[in-house]
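Residue numbers (this note's numbering), protein chains in the order written: chain Y, 87 to 354; chain F, 1432 to 1832.
I should point out that these hints are in silico values taken from the structure, not numbers from a laboratory.
Result set (DSS-like, lysine-lysine): computed pairs, CA atoms no more than 25 angstroms apart in a straight line: (1) Y:K245 <-> F:K1539; (2) F:K1500 <-> F:K1794; (3) Y:K124 <-> Y:K343; (4) Y:K165 <-> Y:K180; (5) F:K1707 <-> Y:K165; (6) Y:K98 <-> Y:K353; (7) Y:K180 <-> Y:K207; (8) F:K1470 <-> F:K1533; (9) Y:K254 <-> F:K1444.
Not close to chain Y: a few residues of chain F, all C-beta gaps over 12 angstroms, as computed: (10) Y1468; (11) Q1475; (12) G1487; (13) Y1493; (14) Q1649; (15) R1685; (16) V1817; (17) S1822.
Computed footprint of chain Y on chain F; a stretch qualifies when at least three of its residues, placed anywhere within it, have a C-beta under 8 angstroms from a C-beta of chain Y: (18) 1451-1462; (19) 1717-1727.
Model, not experiment: these values are computed from the prediction. Every residue, glycine too, gets a C-beta built ideally from N, C-alpha and C.
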Amino acid sequence: MNLIDTAFASIKAEGRTALIPFLTMGDPDLKTSVEIIKTLEQSGADMIELGVPYSDPLADGPVIQRASERALLNSITLKDCIHVAEQAREAGVKIPFILFTYFNPVFQYGLEAFFQLVQSKGISGLIIPDLPIEEDEEVRQLAEAANVHLIPLVAPTSKDRVVRISSKAKGFVYCVSSLGVTGVRTDFHTGIDEFLATVREATELPIAIGFGISSREQVERFEKQCDGVVVGSAIVRTIENAIPLLQDESTREAGLKQIGDFVSQLKG
Amino acid sequence: MTQIPDQNGRFGKFGGRYVPETLMNALLELEEAYQHYSKDPEFQDEVRYLLHKYSGRPTSLYYAERLSKHLGGAKIYLKREDLNHTGAHKINNTIGQGVLAKRMGKSKIIAETGAGQHGVASATIAALLGLECKVFMGEEDMKRQQLNVFRMQLLGSEVVPVLSGTRTLKDACNETLRYWVSHVDDTYYILGSVTGPHPYPMMVRDFQRIIGDEARQQILTEEGRLPDYVVAAVGGGSNAMGIFYPFVGDESVRLLGVEAAGRGVDTLEHAATMTKGRHGVFQGSMSYVLQDEHGQVQPAHSISAGLDYPGIGPEHAYLKDSGRAEYVPVTDAEALEALQLLSRTEGIIPALESAHAIAQTIKLAPTLDKDKVVVVSLSGRGDKDVEAIMSYLGGDKHESH
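Kindly produce the complete structure, drawing on both the sequences and the hints.
See the structure below:
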């Protein structure tokens, strides 16, 4: 059994929607990332997306781009990110981890070596935003063998691709709320409700929504239709704002509290 | 050779469509429209008409007699893409894609640009076809190429400064793709090289192959035979792919791509993607990429902004790995020397990009007998570079690239 499946099963039994925050690993540094992960769990996160910094993050808006740039200044690697997951587990974090990485770092590491590496390190899911279904065959097979769920993205423009993508999905189907890159926004794609209904019909798996969700009101708007809500840029921006506090030992706790408070507030 | 790319946009293992799902539908729609219109005689007629009457094609294949004699070896022919409207081969592609955009019912076009040549060619076609145009350009490049920025504005386009990452061509490409994701409904993305996700590498090649189709016909007329070498500069690789492609099946013709070695391939400042890069996925396709050991894409450097790019088109990767084409590096200094030699012997000031192809020809021609024939793609004229060249040769390096 994969941790993501058990988590969704119990969240559903409790009649809740999963809150899935995203953070960029190594922003501002690896040690702080471990502590932020602990804070996120304590504040009510049900799963966490661990973002691997990349030089050319095509799917991301300015907030996550900046976080990537900060992390890359510290030369954070794919292996470092997986090590953070391992350390967070050792520190007692129980919720599932989903690794979010662009394809090239994984490809350079070597696909087989990569899956050997993640398997024992507490990574339950994998999102590769620039690997559409046409290109993911080899990765999907290796992921399956490693019991890591390859979680696909579907978009309001996916149309008849929704069925094809959903049929091969594992863990959950990640619905992109609007056209564009990640980032805080006030309105969603006009056909969003029909789109979510289409995805719901196409799969037995849980569905989660992400891209642009930043407030309690927005989380609430989607709680009835979705099994999970991903909050990315808004968390990363909260971390960005807390960096001065996080980097000073005497104010570190206060910085972590700001992040935790934001998550609790999203949770409602 | 077999039909490439295949239906998934693969040139052997290279190419493909490594993009977010949010773009897939737009790419499939584009591929479908292109397949349809590329077989439509009316579409082809309109493109041909504009290439002929508007851009001035066919461009001449010119025997550079004084340069050939000076080097004392093979006969050198220059394919004069510099004589196109807007001064470079880039317009071949923007005419094709501009007409396609209009047929697809798109009212707005977007484009990325490095030095500004593709941006100017896009702004030009937008003005001609009455389309709204935004050109994304790195803030660094905007400072270096103020004249081209103004040129685009004069043509009625908006130049959008890109502030992310390296603030040069690489990030201008990222930003254009990001913008496209949010505006796919009414916006057509005119990608400027044989790079990016399928169908761009195939489509841009098809629009640029006119360079090679003409050159092949012209050299047969002039010399009664095929050339021994075809030489072209490669950044993303559109002029090279355009001139190589019609010769790929002619096994006797050696294809030589010339990439920018910047300050040298053993320094950290170069754009020698084939010499120093590895297989990887970058901006939508699998190809050679300049990257660190962890797969982070590295910034490139070249005196020529058009070659200053850490990737290369997937079909070039295929030609390299299959052994059909060779790729060699040429430094900033060699390109500058070549630019001056061509200016003095032939009265032609080449673009810095094209000067790389000339520099390789200067090395190659003297090693060949006088009955050998070399065709060189003179992809653009040097007007845009004169200011930069002046500061280089005058020793004032801080404003140059």
